[in-house]
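Using this note's numbering, count along the sequence shown one by one with no gaps and you end on 616.
No lab work stands behind these hints: they were computed from the structure.
Just so we're clear, the structure is a prediction, and the values are computed from it rather than from any experiment.
Treat the hints with care, since some could be wrong.
As the list claims (entries may be wrong) - Here are the simulated lysine-lysine pairs, DSS-like style, with alpha carbons at most 30 Å apart: (1) K234 to K504; (2) K426 to K378; (3) K219 to K234.
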Amino acid sequence: MKKSLRLGMGKVGLAVLLLAAGPVVAQVQEDSQVQLAREYERKGEHEKAAFLFGRLRNDEQTAPNILPDYLAALQGLKRPKDAEKLVRRAQKQRPQEATLGVTLGQVYAQAADELAARKQWERVLTQLPPEQVVAVATEFQKLALPDWAILTYLRGRELARSETEFGPQLIQLYTQQAQTDKLMAETLRLVQDDERQLPFVRNMLQNSLQDDKDFATLEKELLSLVQKNPERPVYSELLLWLQVQRRDFTGALVQAKALDRRGRTEGQRVLEVAEIARRNKDYESAIEGYDYVVREYRNRPYYALARQRLVQTREDQVRNTYPVNPAQLRSLLQEYEQVLTDLGRTPDTAPVLRSMAALRAFQLDEKEPAMKLLNEVIAMPRASLDVVDQAKIDLADIYLLRAEPWEATLLYSQVEKSHKDTPLGYDAKLRNARLSYFAGDFKLAQSHLDILKQATSREIANDAMQLSLLITDNTAMDTAGVALRDYAVVEQQVFQNKLPEALRGLDALLAKYPGHALQDDAWYLKAQLQRRTGDYPGALSTLERITGNPKYDVLSDDALFLAALIQQENVQDREKAQQLYNQVITKYPGSIYVAEARKRFRQLRGDAVN
């Protein structure tokens with residue numbers, strides 16, 4: 007009796023369990039059916055997909071995670087009426103979702119009923135709830151309808167009663183659509199009330215304004231806004247940034263001075279622009295900036311630095327004006343002495359001592375006094391390790407001038423060890439690589455360069471890459487590197503400022519190895535040296551050997567830009583220089599010289615430079 011009772015209870019329990027498990031089993035079956043339908047749709051088997059989706063309950067067919075796939079299957083079968091019914095059913099079930107109105111319009115568009123699609127999307131915007139603006143605009147973007155996404159954000163702006171609402175989203179859309187005029191208007195509107203948006207605006211403009219005409223248009227608009235709204239520094243900030251991008255440092259200095267006065271930053275902004283101008287070799291603008299800080303902010307925090315940089319920039323200008331004037335170099339030496347007299351010989355003025363040492367050693371051939379100055383820096387009490395090691399690198403360079411490579415490599419290696427994995431350490435390693443290259447030990451030089459090509463400093467990595475390519479290209483066929491050894495000797499003579507010897511060496515190399523892969527490099531180096539020695543017709547003639555020969559395509563833009571510089575700065579033939587800059591812009595649009603060529607071309611053409 008008890009046994010039969012237990013068996014009876016077991017059957018009842020099993021039945022209850024099966025009943026309870028029924029919905030779970032059904033759900034599992036439906037989920038697997040949905041997955042299978044999606045797989046069919048992915049493979050383009052619309053009929054099978056639509057059949058399986060159609061077996062689901064109505065509320066499941068229109069669920070957000072199923073509707074897109076079911077809709078795609080129906081549209082793939084060219085069943086627009088069924089697709090429309092499906093979306094309308096979803097709208098009845100979820101009337102609060104404005105994005106479904108966008109989907110319905112897309113159904114009409116897929117059926118080639120553009121008029122119905124447009125009317126439907128206009129209805130969506132008319133009835134747009136403020137809290138669904140971003141969702142609806144995003145839906146339009148998913149459907150590759152950016153113009154409607156823009157209209158959605160503009161409608162949202164009306165609803166919010168704010169001229170700057172959704173500004174970042176509109177800027178991104180205008181950028182993607184290359185609607186430059188609207189982009190510029192939107193960016194200016196955005197920063198008008200919220201200066202915190204300035205970094206975002208700069209970034210978007212950086213990515214979208216590629217044409218010089220666009221930059222000029224924005225600059226004109228900003229100049230007008232600065233004049234109309236002098237109390238709003240954000241326009242001056244944006245104009246300053248724009249002028250630096252265009253390398254118009256004269257105009258940038260005007261804005262930097264205004265921002266310094268307004269922000270009471272004691273010349274910091276002007277100093278920053280002067281530094282950028284100096285790095286871009288616009289020495290006149292850099293000198294103007296430093297001189298302004300020295301004149302207007304005497305005994306202020308940036309005075310001493312500006313005083314040092316002023317003389318150093320004048321030296322840069324003298325050394326890059328060919329042929330170099332020895333009398334001007336002597337005058338610069340006196341200016342350096344005056345700076346030391348006024349500011350003292352301290353770790354802060356160590357850069358002045360280093361500049362004086364380089365001037366004496368490399369320009370005036372006074373190596374012993376130069377070494378004495380550097381040893382003074384190295385032994386200076388409280389001098390930082392960076393200052394000391396920079397002086398060691400300079401001292402090593404002078405040992406190389408004196409043809410004492412062992413002393414040089416010892417100092418380079420010391421700095422490598424004390425500044426491992428830093429820009430200064432990489433610089434020392436690069437100089438060690440160059441030393442090995444000069445000595446003809448290309449294998450050792452390459453081992454240094456392979457490491458440096460991964461350096462965090464882009465300038466050092468680029469220099470390492472260029473020297474590495476020179477070695478690789480010219481030892482591939484000539485494994486002994488015979489011609490490259492002769493070329494390395496010439497480059498060492500250039501480093502030692504032995505220009506007549508280097509020119510004779512290049513002529514001998516060109517005669518000895520006609521048609522060698524080094525020929526274009528040799529011609530280009532010869533032109534540079536001819537310019538430095540004042541032989542401008544010779545330099546232009548040499549450069550024509552590169553620009554007139556299609557096989558020298560790697561250095562053609564370099565040669566053309568250098569020819570333009572010589573015509574402008576040395577020969578003073580403005581018309582010819584303008585023609586050559588225009589050739590750089592049109593023939594080599596991807597060249598690193600295009601930005602500078604465009605700027606110089608505009609100046610020579612007589613365009614207004616603010």
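> Which hint numbers doesn't this structure obey?
Replying inline: Hint check: 1 fails alone, others pass.
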